[in-house]
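Listed here are the chains, written in short residue letters.
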Amino acid sequence: MSNSEEWDLIVKPKSSWFEFNFKEIWRYRDLLFMFVKRDIVSTYKQTILGPLWFFIQPILTALTFTIIFGNIANLSTDDKPKFLFYLAGTTCWNYFADCLNSTSGTFINNAGIFGKVYFPRLISPLSVVISSVLKFLIQFMLFIAVFVLMYFNDANLQPNKLMLFIPFLVLLMGIMGLGLGIIVSSFTTKYRDLRFLISFGIQLFMYITPVILPLSQFKGLMKKVVMANPMTPIIETFKAAFLGVPKDYAINGLFYTTAFTIVVFCLAILIFNKVEKSFMDTV
Amino acid sequence: MRNTVIKVENLGKQYRLGDIGTGTISHDLNRWWARVRGKEDPFLKLGEVNDRTQKGISDFVWALKDVSFDVNQGDVLGIIGKNGAGKSTLLKILSRTTSPTTGSYKVKGRIASLLEVGTGFHPELSGRENIFLNGAILGMTKSEIKSKFDEIVDFSGVERYIDTPVKRYSSGMYVRLAFAVAAHLEPEILIVDEVLAVGDQEFQDKCLGKMKDVSQQGRTVLFVSHNIGAVKNLCNKGLYLRNGTMADIGSVETVLQSYSMDMEKKFLSKDLTTREDRKGDGSILVKNIEIVNGFGQQTDTLNAGDKFSLKINTAKIKNFNNDHFYAALIIRDGFGDRLTTISSDFSKTKISLKDENEITFDIEKCPFSTGVYSVSVLLWSEANIIDDLENAFSFKVIENDYYGNGVSQGANIDRFFMDYKCYAK
Numbered sequence: 000m001s002n003s004e005e006w007d008l009i010v011k012p013k014s015s016w017f018e019f020n021f022k023e024i025w026r027y028r029d030l031l032f033m034f035v036k037r038d039i040v041s042t043y044k045q046t047i048l049g050p051l052w053f054f055i056q057p058i059l060t061a062l063t064f065t066i067i068f069g070n071i072a073n074l075s076t077d078d079k080p081k082f083l084f085y086l087a088g089t090t091c092w093n094y095f096a097d098c099l100n101s102t103s104g105t106f107i108n109n110a111g112i113f114g115k116v117y118f119p120r121l122i123s124p125l126s127v128v129i130s131s132v133l134k135f136l137i138q139f140m141l142f143i144a145v146f147v148l149m150y151f152n153d154a155n156l157q158p159n160k161l162m163l164f165i166p167f168l169v170l171l172m173g174i175m176g177l178g179l180g181i182i183v184s185s186f187t188t189k190y191r192d193l194r195f196l197i198s199f200g201i202q203l204f205m206y207i208t209p210v211i212l213p214l215s216q217f218k219g220l221m222k223k224v225v226m227a228n229p230m231t232p233i234i235e236t237f238k239a240a241f242l243g244v245p246k247d248y249a250i251n252g253l254f255y256t257t258a259f260t261i262v263v264f265c266l267a268i269l270i271f272n273k274v275e276k277s278f279m280d281t282v
Numbered sequence: 000m001r002n003t004v005i006k007v008e009n010l011g012k013q014y015r016l017g018d019i020g021t022g023t024i025s026h027d028l029n030r031w032w033a034r035v036r037g038k039e040d041p042f043l044k045l046g047e048v049n050d051r052t053q054k055g056i057s058d059f060v061w062a063l064k065d066v067s068f069d070v071n072q073g074d075v076l077g078i079i080g081k082n083g084a085g086k087s088t089l090l091k092i093l094s095r096t097t098s099p100t101t102g103s104y105k106v107k108g109r110i111a112s113l114l115e116v117g118t119g120f121h122p123e124l125s126g127r128e129n130i131f132l133n134g135a136i137l138g139m140t141k142s143e144i145k146s147k148f149d150e151i152v153d154f155s156g157v158e159r160y161i162d163t164p165v166k167r168y169s170s171g172m173y174v175r176l177a178f179a180v181a182a183h184l185e186p187e188i189l190i191v192d193e194v195l196a197v198g199d200q201e202f203q204d205k206c207l208g209k210m211k212d213v214s215q216q217g218r219t220v221l222f223v224s225h226n227i228g229a230v231k232n233l234c235n236k237g238l239y240l241r242n243g244t245m246a247d248i249g250s251v252e253t254v255l256q257s258y259s260m261d262m263e264k265k266f267l268s269k270d271l272t273t274r275e276d277r278k279g280d281g282s283i284l285v286k287n288i289e290i291v292n293g294f295g296q297q298t299d300t301l302n303a304g305d306k307f308s309l310k311i312n313t314a315k316i317k318n319f320n321n322d323h324f325y326a327a328l329i330i331r332d333g334f335g336d337r338l339t340t341i342s343s344d345f346s347k348t349k350i351s352l353k354d355e356n357e358i359t360f361d362i363e364k365c366p367f368s369t370g371v372y373s374v375s376v377l378l379w380s381e382a383n384i385i386d387d388l389e390n391a392f393s394f395k396v397i398e399n400d401y402y403g404n405g406v407s408q409g410a411n412i413d414r415f416f417m418d419y420k421c422y423a424k
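Those sequence lines, one after another, are chains A and B.
Be aware that the first sequence starts at 0, since it is given in numbering that gives the first Met the number 0, and climbs by one per residue.
Be aware that the second sequence starts at 0, since it is given in numbering that gives the first Met the number 0, and climbs by one per residue.
There may be inaccurate statements among the hints.
Result set (SDA-like, lysine to any residue): computed pairs, CA atoms no more than 25 Å apart in a straight line [claimed, not checked]:
| hint | chain 1 | residue 1 | chain 2 | residue 2 |
| --- | --- | --- | --- | --- |
| 1 | A | Lys276 | B | Asp69 |
| 2 | B | Lys209 | A | Ile112 |
| 3 | A | Lys273 | B | Thr101 |
| 4 | B | Lys231 | B | Lys420 |
Below, a sample of chain A positions facing chain B; criterion: calculated Cβ distance under 10 Å [unchecked claim]:
| hint | residue |
| --- | --- |
| 5 | Lys11 |
| 6 | Lys44 |
| 7 | Gln45 |
| 8 | Gly111 |
| 9 | Tyr117 |
The hints are simulated quantities; they were obtained by calculation from the structure and are not laboratory data.
For every residue, glycine included, the Cβ atom is placed at its ideal position computed from N, Cα and C.
One chain only, chain B, in its complex shape (with noise of 0.2 Å):
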């Protein structure tokens, strides 16, 4: 059995919502007044489960709840979970950076983060001496850096530089060297934050690849990411965290299987008559998204590689200045990254306005893999948006036979598929 190298117990997080200032010093002498009485804080009570999106009545929430978990050696753990669900939170507490409200955990070994990248650097300083800074503010002792400092210029390639100050330093560089010093730790433990890994595509690879790295030699790492296919690929263990709380803990797949899980009940059909949310200036209302398959049926569920038609029926609701308008529908995957767009200008269809209008997008290989889409809709005439209404209409795609032969491809890992064309000589 392998050994377990972080030890989380009921670890929860605390914080005051809104401004510190008038107040805090009696809601500081409260809490001091309990602690004197020996009563719990009465502050510790309130606070409810981090929802974002609704109003809550405490000052109070909790941005972690209840966590605990282990992880073992050489694991590649995953943290998935919506924006606000207390991702960053708990890397925040596990890098020190800051302490539970409640819980504990424990760890074997030295903890190293890639979102410190760059931490401490000193503008003044050359590029030499901010590598033994940057180094030492990472926890490395002064002869391990003396030891790595080739390796470190050589992967940073900014070696013609090193003795200049890094304010002179164009970004890209600085990020570079930045990184090298981190990629060199050697930590037992390493964490990623990908929400902070902002370089470029080059930059983005570097630090995954020294992730498979580090856990190819049975190092353990921890990865934050809202890219599932990242997590797909990258990691063996899952966490899915739900507000604060933990929704679901175990192999990356069944973990990654709750979490769309989730998604799809976010994108449950509703009646888009009723629908607040919607922006431009009513003159059309889109009463209904459908899709079609093959075979003439209304359905949501698709096959990659089905045929399938996307249908928008529209109801005029008063006249504008125009006799044609334009339609376009946006696809997203269920994380809400853009996918592709069809419209009824790319295709130069001209939509004559009527009372009721019905607009057909036909597509013919379903090019999407496993997964939820989202598809938000939009008309617009030359002079102004008509109707916009994000998330209108969802829909699965279930099995990954692209190809028709009776074979799913791409193991879940991949997001599309294409036709091609294949010779051999």
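Same shape as in the complex, but just chain A (with noise of 0.2 Å):
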């Protein structure tokens, strides 16, 4: 008689290899909220500034950029304002830096979480990549806020239709940093060593995008290298959506990046939902 039953949930070692269980993470949907509200909630607690502080860390980051980059090792941005230069391109970065960064330790850091009770994990990740959303918003918002200063006190910047791709930059950038994040953190559960690579790799990272140096200035190999770099014609879409800079690489790579961004997210799921089964017995 049991054959007629139904089941609400049979469990079995293996699983297929493609699964996306997306009608469980909508029924946990409000554990998504309650993660997103904590992470920004408890980040600048017992703070004096507190939210300012998602202001006060571009700005001070830009500054420092123009400082020594701009003036003292005299950079080129091909004509443009400094500060608004570097300031579009550590929003973006740090934006990006931030997804792959979380994300990458899902399965460490929750480790207690995870060895006591179910929930879809992939919950935890998202969660992450959507309180980085929410903090690029405030940034992007201050960002917009300099610039319209900025371009109302006849600077060099020639904004154009290029805006129209910003949501879809957003979405490539989020979904880039939570699919390398979870293929990163999911190796790390069993093997430490990507731990340490992971900081100063996301380091490296930067300086073969154009977040520091437009990518005119950058030649021979070096520019074959960072014209690979997926996130290069995000940063260049970008800047030239704001600042008007030579556009003509910026959008054919973004066919490029969207590739990119597909496979890898596909490859990251692919990889989680092996991993998620087991790692309590790894981690």
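With the hints as a guide, bring the two chains together.
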């Protein structure tokens, strides 16, 4: 008689390779929301300036870059206002790095919770990415404010219709960061070596992305490396949209980046599904 | 006929022993290569029965193997077994925190476990925020938590601190709040792991009380415990795990019986002079321990209420700088819980050292109820421990007629008896 009965849950040792249980994640959407809230709220608890830190961080970074790279080292910014140029770069880059960095610790950081209670594991990295998006939006507003201020002070800026791509860029960066982060996280459960690699890996990654140097300043082999970097078209398009830097490459490159992101994300889900079943035994 | 809510089929879980590090990659590659060729996982063939005490040949063990059982709705299933028998592994698999290596199981309804009390509490967040966070982690929706919020705060008794970060809570308040959330989960199936119920007596009672409530509401409970009394009281079904395999399943009485029978085997009498696992300086050796009943006969079986004597025979091996020593017997129940100690020190009995000593403890009425009891012996002098032997001797109590009126008392639930006088006006 039990054959005809309906089971709410069937657990088997091996599952299909690709399963993205969206229904289950939807059922736990409240948890997703709570995690996002926890991330945002807890970050600036017991600070005086509180959420103001969201603004202070990018301003200080851009300011440092302006002084060191712009004024002392005198690096080119394609004749655009230096501060805005660096602010554009760091706002985007920080968002991506944040997504990658925090999702890459998914399994290790949450081992305590994961070991005791079940919920769809993907909730955890997803929530981190959503809080990063929120953080980005706040910082993006700061960027817009600075941009508007400079635009009306007759700076050399040519905002254009590439701006329509901005939401798509945000999505791309989020998914790419999530995908790469999940892959790293899945491997670190067993091999902790990656954990040491990831933090300075992200920094090195930044130097082959046109965050500080504009794309036009890279030459020869370095140029090829930078062009192969899927983050390059995103940052370039972002800058092109607001500042109006040379943009012939940017749009074509976005196709490459989109394809790369899709492949990485599929691979990530695949690996994640494999690892989440048994990671408690190896973590 | 009642519904089956959990159906477990041939469940198995294999663990790799030792460190993960060098060699893991080669194992992983080996496995992968075998899979590519469509062959069986080479390491699944290895692995042996999980016996902690014996050194194995393989690096892989089965923490759980071929476990199959059904649980009906409303059952309270007590899972018993020694440490390392696979109880917690089974619960982990059922609560989906790890997946089985082989086999499968099916579940109807929501599973929640009281082993995750306080999971995911964030120290920086207030009690209020943590109730929502923790509730969501345990699988409640926001509206569910909202509707039970006042009840949870009431139950926890920390209302005054509800907007204070939980890092400022005392550990007691922390646990109370955490438990209050878990207790209001109202799952169809509840898992309780006693090992993790680390709180004080009040908290443990609350846990057990909650379990009773849940089972009375016709919901299903899985209960892991070493406390045989609690299992007997609360459960109607039992599952006995031994070294990762199912030793027995059925009604709680029969399962407990087969469990304690196994425990008896452990205590089969041994020749004490050949025991190697003794501690102490060895100047005196415990040769023998025996029980003599009220009729002067040597025995290992008693009834509750019987008069009996415990006798220790010792032999002097070498002299030491004292002319007397002390002796004590420590009595434990079949599950290793220490019950009581009788000592020549307590009774101010002087034992003068001779070539052979006989020390006798007379017990007027055996206070223990049905079960197996082990006796450990300890000899010492002012200076140091002379001989210390764990589980030197065991005896059984088989009948609970403590008051000698021909009626067995306590229906195997009470653990000990005492003398009393009763008055009525």
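Status of each hint after checking the structure:
Taking the CA atoms of A/Lys276 and B/Asp69, the gap is near 23 Å; set against the 25 Å cutoff, the hint holds. At most 25 Å may separate the alpha-carbon atoms for a hinted pair to count; B/Lys209 and A/Ile112 meet this at roughly 23 Å. For the hint pairing A/Lys273 with B/Thr101, the CA-to-CA distance comes to about 15 Å; that is within 25 Å, so the pair holds. Taking the CA atoms of B/Lys231 and B/Lys420, the gap is about 28 Å. The hint is violated against a cut of 25 Å.
Look at A/Lys11: its Cβ gets to within about 4 Å of chain B, closer than 10 Å, so that hint holds up. Look at A/Lys44: its Cβ gets to within about 4 Å of chain B, closer than 10 Å, so that hint holds up. With a cut of 10 Å, the hint placing A/Gln45 at the interface with chain B holds, because the nearest CB-to-CB distance is about 7 Å. Taking 10 Å as the C-beta cut-off, the interface hint given for A/Gly111 holds, the closest approach to chain B being about 7 Å.
Checking A/Tyr117 against chain B by beta carbon gives a least distance of about 4 Å; that is within 10 Å, so the hint holds.
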